[in-house]
Amino acid sequence: MSIEAAALESWTTAVLRAWGYGADDGRFLARTLVDANLRGTDSHGVIRLPAYERRIAAGLVQPDAAPVLSSTGSVVTVDANGAAGQIAARKAAEAALTLSRSSGVAVATVRGSTHFGTAGFYARWLAAHHAVGIVASNSEPIVVPYGGREVLLGTNPIAFAAPTGDTPVSVDMATSTSAMGRVMVAQAAGSAVPDTWGVDRHGRPTTDAAAVEALLPLGGPKGYGLGLAIEILAGLLSGAAVSHELGNMYTDFTRPQNIGHWLLAIDIARFTPYSSFVERMRALVDAVHATAPAPGFDSVLVPGEPEEHTSEQRLRDGIPLADATVDELHLLGARHGVPFPDTRSS
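In numbering that gives the first Met the number 0, the protein residues as written are 0 to 345.
A hint or two may mislead.
Derived DEER-like restraints, expressed as beta-carbon distance ranges [to be verified]:
no.	residue 1	residue 2	range
1	Arg-254	Ala-289	50 to 56 angstroms
2	Ser-70	His-129	19 to 25 angstroms
3	Gly-21	Pro-338	19 to 25 angstroms
4	Ala-22	Arg-254	39 to 45 angstroms
5	Gly-103	Ala-22	33 to 39 angstroms
In short, the hints are calculated from the structure, not lab data.
Cβ atoms here follow ideal geometry from the backbone N, Cα and C, with glycine treated the same way.
Start from the sequences and build out the full structure, keeping to the hints where you can.
Pasting the structure below:
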């Protein structure tokens, strides 16, 4: 089934408002989720709403909470203070951008947070404001370290974005081979997953999405090393929880998650004229596009372009949702007096 993006965002906003979010926060949070669906990152989209609902009901996230910010020099620290991850990360990104205008570079950390959507959302927002953005986050442990059979780290995503005057170059990746949310999407759709994504409870690779107990690091020791670095930057440096200290979003409703985020904003104009930078960026993108494609490929794209193409297609044709997800959202909407909009067959 598929649904128009505008209808999905409007419905999501209405649900968030019913939970107690203010108008601006509700719209923003809904936009982060639907943006993920539009770009094909369905694992971080509206499929997360039922878990959000449970954490709010348990008092672990407060829709009316306000993050607490402090800054010194070019450093921003944010305590989410019970707010949703998106609300805290937005405050951190805005503050880092403002500070970077005077210092050239600014770093922000967030502690006491929750799932904040996609890291790329904030990196691309910084790029849209003439900055280079790098954003990372830790998350509850679900990834085995290289050479290990027990979970230690989260999927610990990292994102990078730089403006081109048009579509930004945008990298957004987990440091595991796959995000757990993608396994959830496959499970909801009844699809198999590659055996390189995760292992079962015995530590054996599996293609059964329902049997995946832990994920594998991206590129073996490389993804493991990068994931550990993010655990240090986003978790230890911010004062958030790390590894098994983190609460699980889906199974632990007795304590806050205490996730940490790390954001870097670089004011391009403090290093080189912005117009010159985007001109050279466009030349670099053109050079990528001019690269001869390998067998099996039609063209060479820069990071972020596949997601932009998916977004254009889904804006035109609607956002596909698994039947199981649609059923769950129908029930969620009914619980809060916000009927889920009619979907159309794909």
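Cross-check of the supplied hints:
| no. | hint | in the structure |
| --- | --- | --- |
| 1 | Arg-254 x Ala-289: 50 to 56 angstroms | holds, 53 angstroms |
| 2 | Ser-70 x His-129: 19 to 25 angstroms | holds, 20 angstroms |
| 3 | Gly-21 x Pro-338: 19 to 25 angstroms | holds, 22 angstroms |
| 4 | Ala-22 x Arg-254: 39 to 45 angstroms | violated, 30 angstroms |
| 5 | Gly-103 x Ala-22: 33 to 39 angstroms | holds, 35 angstroms |
Consistency note: the structure conflicts with earlier hint 4 alone.
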